[in-house]
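Given next are the chains, with one letter for each unit.
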Amino acid sequence: MAGAVSVLVVDDNQGFLRAARAVLEEAFAVHTVENGTDALAFLGRRPPFADAPRPAFVVLDFHLPDMDAPAVLRELGADAELAAIPVLVMSQADWEEDAAAAHAAGARQFRVKPSRVQALRETIVAFWKEHAHAGARPADRG
Amino acid sequence: MAPDTAARATSPLQPENPAYLAGRARSATLIAAAGLGTFFALVAVTRNTFLFDLGRVAWLFSGLILLNLALAATAPRWAPRRWAIYAYEGVLVIVLSIILHRLGGLMMGILLITYAFPVIHGEMLRSDSSVFATANLCAACYAVMAWVEHGSLRDVGVDTQQQIAFVAIAFLTLNFLALYANRYGYQLRNLARHLQAKVAERTAELSAVNAELAAKARALEEKQDELKSFVYTVTHDLKSPLSAILLIADLLLQREGTGLAAEGREDLERIVRLAGGTEDMIRDLLELFRITSQPEAPAWVELGALVERALETLHPQIAAKGVRVAVGPLPRVWGQARKLGHVVSNLLGNAVKYVAAEHGEIAVSGAVENGSVRLSVRDNGIGIPPAYHRGIFELFGRVPGQEQEVDGRPVGGTGVGLAIVKRIVEAHRGSVALESAPGAGSCFTVRLPAGGGG
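Chains as they are written, first to last, in the numbering used here: chain A, 1 to 142; chain B, 1 to 454.
Simulated from the structure, these hints should not be mistaken for laboratory data.
Just so you know, not all the hints are guaranteed correct.
Claimed, not checked - Not the full set, but computed from the structure, chain B residues with beta-carbon under 7 Å of chain A: (1) Arg56; (2) Thr235; (3) His236; (4) Asp250; (5) Thr278; (6) Glu279.
Claimed, not checked - Every beta carbon over 12 Å from chain B, so not counted as near; a handful from chain A, in silico: (7) Arg18; (8) Asp38; (9) Ala41; (10) Arg46; (11) Ala52; (12) Ala84; (13) Val125.
To be verified - These stretches of chain A come out as covered by chain B in the derived footprint (C-beta under 8 Å, 3 or more residues): (14) 11–17; (15) 90–98.
A virtual CB, placed ideally from N, CA and C, is assigned to each residue, including glycine.
Between the sequences and the hints, there should be enough to build the whole structure, so can you do that?
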């Protein structure tokens with residue numbers, strides 16, 4: 001979807017990726033990866049994601065198979081350019097410790113994963129409007 | 001550490017223990033040095049009164065004091081050897097006798113008393129036959145002194161028979177002194193040793209109990225970790241796919257719903273409803289775990305403030321249903337503020353949920369009664385049939401939906417709220433009671449120990 005705003009969704013649950021894609025494809029160019037290593041490679045444009053677009057924002061699952069969201073965020077934080085990408089961390093449980101860890105590592109927002117399509121759409125669009133929209137350029141800005 | 005090893009390690013008073021003997025020898029030689037120093041000072045001060053020749057005894061005094069100090073420093077090396085004790089006592093008594101002789105000898109009849117010190121000192125060093133050896137050596141020195149000073153004694157009118165009698169009395173007196181010193185010293189030491197042994201025994205018992213407690217704490221911690229990983233499993237491996245199922249079913253319903261036959265659409269809606277209900281149960285189960293397992297320091301908690309905060313959160317529902325809420329004066333209680341906040345908000349939330357719109361009345365009251373704090377939440381809602389009074393406090397325990405309709409609609413919920421209430425109240429060593437009948441409203445009463453229960 002050339003010209004659309006890119007978004008990266010990181011989650012190991014295929015069902016969630018399927019739903020997120022369906023919800024977000026109406027408005028964004030959706031890219032998905034299933035673990036933290038791939039997410040970092042995608043964002044850092046390392047093989048096999050050498051020509052990946054720079055997403056306007058990232059939806060990041062808290063519990064990934066290889067690392068958790070704060071670990072991914074800390075890696076991103078080490079790179080000034082990547083650190084500027086807004087990240088929405090989503091988790092199955094509304095645990096204060098997890099939320100605090102995510103925020104401390106640089107997440108813009110921590111939300112419980114909605115399990116209704118409408119709620120998921122609203123959560124992500126609200127995040128986009130609040131954190132990513134102002135500075136967002138079309139997907140090919142990078 | 002096994003208890004018996006601990007006992008041995010903590011008791012310094014073992015008979016014939018080298019370290020123990022060395023300790024005794026060190027304190028005895030230090031006391032002897034101090035005693036000799038005092039004696040010398042006394043002699044120096046009174047030299048004009050008694051015409052003592054200080055120059056003839058000064059080096060003997062300082063030699064003995066230095067010897068004692070040197071022996072104190074090297075006590076562990078010689079103290080365990082019996083012959084060393086005899087040699088030391090012998091040197092001490094003989095040098096002391098020479099000093100006494102030079103200070104005037106038996107002319108100073110009072111000097112017999114001075115021999116009491118080496119005897120008692122001998123007992124301090126080691127409570128065995130060496131004490132009697134010291135006593136008899138002292139008496140022998142006294143006899144030698146009598147023999148050496150034979151002439152001068154006769155000059156002052158003490159004849160040979162009297163001198164022999166004095167020496168006999170010296171032998172008897174010093175041996176009796178040795179006997180007493182040895183006997184009472186032995187008893188005192190025995191008592192001390194007995195007490196030390198008892199202390200060591202109790203210490204060993206305590207450390208055994210401590211070790212047991214530490215092991216239990218470790219086991220508990222392991223259980224807690226196990227529980228945490230269990231909860232993580234529930235969260236991630238159970239809730240995650242379920243919410244994905246929900247999302248996809250919902251997606252399907254939104255995308256294809258209009259094109260489906262009524263029956264197909266209803267089935268799809270049923271899937272979403274049922275999966276949603278199960279997801280809510282998992283969510284509330286996690287909530288129960290999270291709330292009840294979070295460590296929290298107890299403090300004084302104003303129940304009035306908790307009620308106020310809960311009512312603020314519930315305001316939208318209260319306003320929508322037009323419920324009237326009356327809050328009486330509430331006491332404070334010693335407990336965990338956040339957990340008790342969950343108790344209050346659960347009870348108030350339930351009350352709001354089960355009263356009819358526009359007729360709902362809720363009364364919150366409290367008091368301190370018989371050393372416990374009471375908090376009651378009364379409503380004029382639909383009430384609870386007695387058959388469910390026990391079950392509703394259990395996990396997922398609820399009155400079946402078709403039996404409880406408010407304003408013509410079944411009330412939703414997972415049946416976790418009151419289980420949370422019961423767990424938190426019981427963790428505070430309190431109790432929760434229910435008075436209710438269908439159509440007569442409900443009154444939940446929480447009682448907590450006024451001064452806190454743990």
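Quick rundown of the hints versus the structure:
{"no.": "1", "hint": "Arg56", "verdict": "violated (87 Å)"}
{"no.": "2", "hint": "Thr235", "verdict": "holds (5 Å)"}
{"no.": "3", "hint": "His236", "verdict": "holds (5 Å)"}
{"no.": "4", "hint": "Asp250", "verdict": "holds (5 Å)"}
{"no.": "5", "hint": "Thr278", "verdict": "violated (11 Å)"}
{"no.": "6", "hint": "Glu279", "verdict": "holds (6 Å)"}
{"no.": "7", "hint": "Arg18", "verdict": "violated (6 Å)"}
{"no.": "8", "hint": "Asp38", "verdict": "holds (19 Å)"}
{"no.": "9", "hint": "Ala41", "verdict": "holds (24 Å)"}
{"no.": "10", "hint": "Arg46", "verdict": "holds (28 Å)"}
{"no.": "11", "hint": "Ala52", "verdict": "holds (25 Å)"}
{"no.": "12", "hint": "Ala84", "verdict": "holds (30 Å)"}
{"no.": "13", "hint": "Val125", "verdict": "holds (16 Å)"}
{"no.": "14", "hint": "11–17", "verdict": "holds (count 4)"}
{"no.": "15", "hint": "90–98", "verdict": "holds (count 3)"}
The structure fails hints 1, 5, 7 (numbered hints given earlier, in ascending order).
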